Every structure is written in C-alpha cells, then in structure tokens.
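Asker: Residue-level listing of the chains:
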Amino acid sequence: MSSYAEVAKQYPDPKSAILPALRMAQDKYGWLSREAFEEVADALDLTPAYCMSVASFYDMFHLEPIGTHTIEVCTNVCCGLVNAQPVLEAFELALGIRAGETTEDGAVTLRAVECLGGCSTPTIVAVDHVYKQSVTPADVPGIIEELNARGLDGARQEAEAPASPAPGAEDG
Amino acid sequence: MADTIVEVAEGPALVLKGYEPGEPLTDLDSYRAVGGYAQLAKARAQTPQEVTQEIIDSNLRGRGGAFFPTGRKASFIPTPDKVAKPIYITVNADESEPGTFKDREIMLKVPHRLLEGCLIAAHAIQSKHVFIYIRGEYLEEYRVLEAARVEAEAAGLMEDVTITIHRGAGAYICGEETGLLESLEGKRGQPRSKPPFPAIQGLYASPTLINNVESITNMPIVLEVGPEEYAKIGAPPDSTGTRLFCLSGNVVKPGVFEAPHGITVRHLIFDIGGGIADGRELKAVMVGGSSFPVMIPSELDTPLDANSLGQKGLFIGSGVICAIDDRTCIVQFALRVAQFYMHESCGKCTPCRVGTRWLVQYLKAIEAGTATESDFDIVLDICDRIIGKCLCVLGDSAAMPVASCVTKFRDEFRAHLAQGGCPFGEDSSLAHLFAPVDQHAHTPVPEVISTERI
Chain A
1 MSSYAEVAKQ
11 YPDPKSAILP
21 ALRMAQDKYG
31 WLSREAFEEV
41 ADALDLTPAY
51 CMSVASFYDM
61 FHLEPIGTHT
71 IEVCTNVCCG
81 LVNAQPVLEA
91 FELALGIRAG
101 ETTEDGAVTL
111 RAVECLGGCS
121 TPTIVAVDHV
131 YKQSVTPADV
141 PGIIEELNAR
151 GLDGARQEAE
161 APASPAPGAE
171 DG
Chain B
1 MADTIVEVAE
11 GPALVLKGYE
21 PGEPLTDLDS
31 YRAVGGYAQL
41 AKARAQTPQE
51 VTQEIIDSNL
61 RGRGGAFFPT
71 GRKASFIPTP
81 DKVAKPIYIT
91 VNADESEPGT
101 FKDREIMLKV
111 PHRLLEGCLI
121 AAHAIQSKHV
131 FIYIRGEYLE
141 EYRVLEAARV
151 EAEAAGLMED
161 VTITIHRGAG
171 AYICGEETGL
181 LESLEGKRGQ
191 PRSKPPFPAI
201 QGLYASPTLI
211 NNVESITNMP
221 IVLEVGPEEY
231 AKIGAPPDST
241 GTRLFCLSGN
251 VVKPGVFEAP
261 HGITVRHLIF
271 DIGGGIADGR
281 ELKAVMVGGS
291 SFPVMIPSEL
301 DTPLDANSLG
311 QKGLFIGSGV
321 ICAIDDRTCI
331 VQFALRVAQF
341 YMHESCGKCT
351 PCRVGTRWLV
361 QYLKAIEAGT
371 ATESDFDIVL
381 DICDRIIGKC
391 LCVLGDSAAM
401 PVASCVTKFR
411 DEFRAHLAQG
421 GCPFGEDSSL
431 AHLFAPVDQH
441 AHTPVPEVIS
451 TERI
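Line by line, the protein sequences are chains A and B. For reference, each letter of the first sequence is one residue, going 1 to 172 in the numbering used here. For reference, each letter of the second sequence is one residue, going 1 to 454 in the numbering used here.
Source of the hints: derived by calculation from the structure; they are not laboratory data. Careful, some of the hints might be misleading.
Pair by pair, the computed Cβ-Cβ distance ranges are [stated by the list, open to error]: (1) B:280 to A:138: 56 to 62 Å; (2) A:64 to B:372: 40 to 46 Å; (3) A:146 to B:18: 33 to 39 Å; (4) B:419 to A:106: 41 to 47 Å.
In this text, all values refer to a predicted model and were calculated from it rather than measured experimentally. Don't be surprised by glycine CBs; every beta carbon is placed ideally from N, CA and C.
Kindly generate the complete structure, drawing on both the sequences and the hints.
Answerer: This is the structure we're talking about:
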C-alpha cells in the first residue's frame, strides 16, 4: 500500500489528497476512528477536526465501526421500479438486521444506498464494493453464503482486493 | 445475474465505434486496431486554436446534463500567455444522476477513447494536468481506467501531460462542477457562487475546463469524422452527434444504446427496448434523469433533441429514459425522488436545504391521505421558491420532477386524499421503498422499515 505522502505528491496541493488518504485510513482501521483522523491530519498537515468535517460529508466514509463485510442495496427509483425493496427485505430477514445496522458478530453491515449507476440491471447490490447485477430476492441466500465462505478477514480493504476479472464475470 | 447490455442501436457508431458486445477495447492494441490515438497525433500536429475551432464547428454539446456547447466552453479558457497560473482539465466522471449508467460503460468498454479525448482537450487549451474525478463507488471502472492510463503512459502517449484519476467518496453533489472542484481541492463538496466561472477561476483558482466523460470521449470522434460531417449527425443544428441513451425501468430490454439525437422516446422504449415488461401499460417516463420533469405517454413522440424537448418543458439531461409502468404510484415516485435530493442537498442554500425537506413532509402526508387539496398548491409554491434561487441546480432538481408529478398527475394525487391513503394499497411497485436518508434519522422510521411489516 502506498503511503499518504506518496498519494499527496500526485496533487499540486497536498490537501487534495484528503479523500484518498481518508480511504487508506479507513481500509487500515476499518472505520474512521479518532486515531485514523489524527494520522491523516498529521500526514497532510491538516487538523483532525478538519479531516472529520470533510469525511462527514461523504457517504462512503464511516464515522463509527462497521462490519467486516458491507452489503449495499440500491433503493433509488430505477431499481425500486423492479425489485429493490423485496431484495432489501430479503437481506434484512436473512441477516436479522435492518438497513443501516450491523450483525451482532460484526460480520456484515447492511445499507440501503442511493443510485449506484447500474440501472439497467436492477437491483444492484454492492458486496464489499463489487457490484452484483440483476439481484433478486432468490439470490440473497447465495450472496450471504459467499460472504460466510470468505470469512471475517480483511474483506473491507478494497484496495487490497485481488484485481477484478473482466466486467460481468462476477455475475455468472 | 445478467450483464449490462451495451450496443449501438442505430448508427453511426461514434462513442462506441469499434466496440463489439462482449469485446471491450480496454487494451491499447485493440483500441489502436480501430484507429485509436490517430486523432491525437493529428490534433497535436495542429495549433490548439485549430483543434478548438473544430470542436466548436461540430456543435458538440455537453452530455452531463447542461448541454452547453463544448467547444465554446473550451474557448473561454485563457491562453497560457495571458495567465500566470497553470491551466487544468477536470473530467466529470462522478456519474450519480439516478438512471444514468453510460459513463461507466465508456470507462469499461472504451477507456482509451476517453483518455485520447483528455489528451486532445489538453492540447486544445494547452493544459498539462488532467484530473478525472470518478465516483468512489465505481471501483471496477476505476481499475480499468487506471490500467488504461498506465498503459498509455508507458506507450509515451502522454508527452508532457499528466492524467490523475481521483476517486470521490459518495456525494451526488460532487457531480455539480463547482462542488466537484471543492471536493478535488480537499474540501466538503459544496458548490461555489458563480461568477467567477471555472474557466477563469476553477481548480486552485486557476483556469479550468470541466467536461463530462461522454462529451470528452466525443472529441476524437469529432476530429475523425470531421466537424462538418459530425454537425450533420443527429438533429442539427443544435443537437448534433449521438447519445448513449440509458434505458431502464419497466422495459423488456434495458441497457445503454447509442443512437443519434432526434430519435423518439417511443422508438427507444418500444422498438429498441422491446416495450413495457410484463404486459403492463406505460404510465410515465423519467427523461433526462430524476432531476427533470416527467414525460407522460401523450408526449412519447417527442424527438430526443434539446429543442423538441424544450418546447414541452422537458430536458435531455444525461440521456436517461426510465420507463414507469401503471403499477407505480406517482406520489410514491415523487416522494422517493424528493427523499433523494433531501439526502444529497449540501445544505449551503436555504431554499434547497429547507425546501427539499418540506417537499418530503408534504408528499408523505399526501401519500398517507392526510393532506388537503390546498397542500398541492403549497407543494407547487415550495417548488417555485426553490427553482433558480440557489447557487446550484440541486434544489431545482428536486422541484422540477415533483412539480411535474403534481401538475401532470393531479387526479392521482387527489385520489389519495379521497381514499384517505394510497389507491394502490400494497400493489404499487414502489410501495414502502426504503430511502437511505432514513438510516441517518435518530429514530427509526418503522413504517418504511420493512421487516416490521412482514
């Protein structure tokens, strides 16, 4: 993993590196703790309060601990017109939690999210940030099984995930 | 779990030229085999002014939603001898408009064409640094584009230009050009007051050209077919070239379809898209994106060009065509759209910050059947007090679709009040659709959280 300083070098102003730096810190700690903010602030010559104010603006930054895995279901209108709500409900039932919550064992956080930009293959579900297309309620047990098989290790670190296969190959 | 359909529905193939379904032009050799980077060499042999003039003559217009003439925008950028600061290009790949999924397919299928467009634009305005701001959720797209960038750089195509791919972190408002600039500068993505316009004071207060992915991907094509020929494609003089139409919703065959400006919505939905799924009837169409007024079936023969749509108060936006069938409660549709904009409002301007919340509150009351008929006019009044009164158009984007639903479907709104609730009961396709904004509420909202209902 590259360092904060290396990322900052790509920009005329190191402050511009705050989003990539926060993403790296989140990958490292799992969420953006005070410790993570201190680290980013120190690296980019900003203050922790400033870093926190920026992070809180963006949906992909987590200001409290989340599960090892994330399941994000698009519930905007295009997916909604087809089957987003039944898909979300199937995940809620299977995991025993509601959208926005994390399972008790800390394994999975389930979120409803706004349009993921995959509207022709509803419902889009991002599992650890990798899109699954045309998900139906019937696919839900299989997705959860897949996560169970993956276990609790390191899935949240998208930056270290193996290079993805060709687009669409995930969806077989 | 199917893959996205991406195809040329009607020629000429421009943005997707050389792409065959299932065979993305992701590597340099395959892109070069269809003539890739030839236009860059040609452009670099011309003066920057000549290249800009060709883009102006093609009448290429912005594909991100505003439809501003791309060449004219480039011509606003001062030349390096007139300004002591660097000149930047930022490519808006923060594709977040609900219903839009074309830029990601460009990045997945023809990433080098986007990069070639960036380098041509860099030559045209004499910029040495291009930033591509890609939405954070697009991980796969980022990886494909970054791999293409590395390959192009290794092949020496960049010369003295640097392309930096910058990932966002989940904020719709960063697709607004000045919100994008703020975000890229390492701040919260809150839009700026204009003027000064980005062409004069953009990124780091320097002259900055901002273009959507599809707009900039058209640049090599303009040079290849020639501006005069390009200007004849589609619906000249104003809507030239093709669009990657994003067809979704209740259609048989959704996907990204390249077709010239000027084809009708009816043709797209019923011929290219195979009609409405499940034997249902079409009720409304989200045209341009969720930010714009909805289209009703009597308007289906409107050609998809800016002028024809404009005459009906509609917009081409980012090429969205989302079909809504007769199972859908239009109040629920308006509510869910309003919830999206309330969630994404940055909170800087009062009409948007407060108005989007009011719209949600009134629409919830209408959906529950507890509102009164005079509330319809209050909703329209709120919309009127948002539109044109904020620094950016996010508030307008909530107000326009909501106002169009109230106006075009007033009888259905009334039926909610007459029946003391939704006339669709549990049968609407959008019934109980959860909105992410409810996750952030301090107290859960039981009526929309589904497991309690089951």
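Asker: Note whether the CB distance of residue 419 (chain B) and residue 106 (chain A) lies within 41 to 47 Å or breaks it.
Answerer: 45 Å, holds
Asker: 33 to 39 Å was suggested as the range; check whether the CB atoms of residue 146 (chain A) and residue 18 (chain B) agree with it.
Answerer: Taking Cβ atoms as reference, residue 146 (chain A) and residue 18 (chain B) lie about 36 Å apart, which means the hint holds.
Asker: Quick check: does the Cβ-Cβ distance between residue 280 (chain B) and residue 138 (chain A) fall within 56 to 62 Å?
Answerer: 22 Å, violated
Asker: For the pair residue 64 (chain A) and residue 372 (chain B), does the Cβ-Cβ distance stay inside 40 to 46 Å?
Answerer: 41 Å, holds
The earlier numbered hint that this structure contradicts is number 1, and it is the only one.
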